[in-house]
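So the protein sequences, as listed, match chains A and B.
According to our numbering, the first sequence is numbered sequentially starting from 173.
According to our numbering, the second sequence is numbered sequentially starting from 173.
None of these hints come from the bench; they were simulated from the model.
Just to be clear, a hint being listed does not mean it is correct.
One copy or two, either will do: identical chains are not told apart, so a pair holds if it fits within one copy or between any two.
Cut-off 35 Å, straight-line C-alpha distance, at most; resulting in silico cross-link-like pairs (DSBU-like, lysine-lysine) [said to hold, decoys possible]:
| # | residue 1 | residue 2 |
| --- | --- | --- |
| 1 | 289 | 457 |
| 2 | 371 | 473 |
| 3 | 424 | 292 |
| 4 | 289 | 420 |
Protein chains: 2
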Amino acid sequence: MNKTISVFAPATVSNIACGFDTFGFAIDGPGDVVKATIDMSFSGVKILKISGDDGRLPLDVNKNTAGIAVQAFLNKIGSRAGVILEIENKMPFASGLGSSAASAAAAVTAVNFLLEKPLKSMELLPFVIESETSIGGTAHADNAAPSLLGGFVLVRYLEPADVLNLPVPTGLYYAVVHPQVEINTSESRQALPGNIPLKTAIKHWANTAATVHALHTNNLEMLSNSLQDFVAEPVRSKSIPHYDQVKKSAIKSGALACNISGSGPSIFAFCDSFDKAKKVSEKMKSIYDDDEIACTVYYGKIRKNGAEIV
Amino acid sequence: MNKTISVFAPATVSNIACGFDTFGFAIDGPGDVVKATIDMSFSGVKILKISGDDGRLPLDVNKNTAGIAVQAFLNKIGSRAGVILEIENKMPFASGLGSSAASAAAAVTAVNFLLEKPLKSMELLPFVIESETSIGGTAHADNAAPSLLGGFVLVRYLEPADVLNLPVPTGLYYAVVHPQVEINTSESRQALPGNIPLKTAIKHWANTAATVHALHTNNLEMLSNSLQDFVAEPVRSKSIPHYDQVKKSAIKSGALACNISGSGPSIFAFCDSFDKAKKVSEKMKSIYDDDEIACTVYYGKIRKNGAEIV
């Protein structure tokens, strides 16, 4: 009898203002579900079907992050198992919410469970990163790590992947708006400067340090004044419709901070209550509604758990 | 009758590896003592004498950081008091241990006490920074803040000066060697690049964040692997005799990290015990002894208190 399991991995927000390529967090909201089946009648990985992607994700296991991650995992542990994947996209594609990382995190977690956990969750990270690198060009773990492990994480270097789990203030809530316009991650990354002024860099590293201090001391005011971005936001915000207006409106509605999620087009905000997160998301949405740009909003808590069985 | 008070302010280590212009700490070691006297027979500031500086510090109140800081303080509070300062330099001049900040911190703290504390310690910081700016050219608070307030601090921006007091692991000790060669701070600063690669900046801001996490979680191993420097050390270490050898020897003797203190020539190391700090300081000293370069070593704890009455 074949063994089957379904795993959910959450959407994630990365590039948290000053913490470009460094901070990321999982959200209590949408995510991807991957159903994996072990079938010993063959060896390797097959993707049986993908739903919720409007036919845009490849069934080819060498071009799909879930397929790539599972193949890398099987190679690493030297398994000759046959794996059939069914991917259910429950989150927007190319949204800046880590959809490619989520399906890879869900898939590799599912297969690890089915094979009786030869590796720890943390040890699955390199496969998720590898899958993202294969399709996106740049190795970064700030979506992969929180989708796999949950929480608010600090990522350093990549070989070996090093992820620190930061404390999350109890009163911290997020709001996200995803305007349905498309931004290509690789292109967006290329638009960033190769060099930045040392003075700007100093502001950023003082602020990432202060962000961690704020998280440890439950100081939302400090979190608010630390989450500034002098590097990515000035460049990338230009390609997100109504960005300045959305940010202004979020802050005016009480958000502690507001910035681009990943490389966009999603925009996230932090708030100090559930009601404010709801209100902020509504205000952000209303700006896109006014311009007849379809958008989706999410709000709630930072998700403590990463990929897990459903 | 004239009122007199003496205040000690500690030497400080700044530019802590990844935390260039951001982190600083006070040391349980040398410092400056300033004796201040209120004399209502005149208005303004006089420096009566300076000892321990081999005649190198100016008695001119407009050229001496202690004189400049006290004048700025008196102007701010609108006092017409006459202040006489006697400065006792108990730490090396131009050593990279914040001597100019220490005498200003001691002086302004003394006068604030004598005038019955119109300002809090934290509010004295702008005057110390102003005095350093007047003589050095660049506003930075990473020596001024720990000398005035003590502890391990995180400094952000400068207007308004914003200083966060970080927790210090109980088992953390420092070692410092001061080789008696001279390096000019302004010149040393000019040698740094105006721009740095974004990739380098990301490593630094991930590491300053990890440093704060390590301090909060008492994780000396993480502190050790976070205190890396890809910006100042490669440039500035070249002008410090035997730098590479000293660092190598410190790490080999068990130091958690080793880097330049301020803009040099002093070199600091962190250790996980008093004995190791002593041993590391001896090893560092032996390298200068071998080359007949005079040097002084200090080792001990990070000093909790800043400027205080003696």
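Outcome of the hint check:
{"no.": "1", "hint": "289 <-> 457", "verdict": "neither (42 Å within a copy, 52 Å between copies)"}
{"no.": "2", "hint": "371 <-> 473", "verdict": "both (34 Å within a copy, 31 Å between copies)"}
{"no.": "3", "hint": "424 <-> 292", "verdict": "between (43 Å within a copy, 33 Å between copies)"}
{"no.": "4", "hint": "289 <-> 420", "verdict": "neither (47 Å within a copy, 41 Å between copies)"}
Violated hints for the displayed structure, listed by number in ascending order: 1, 4.
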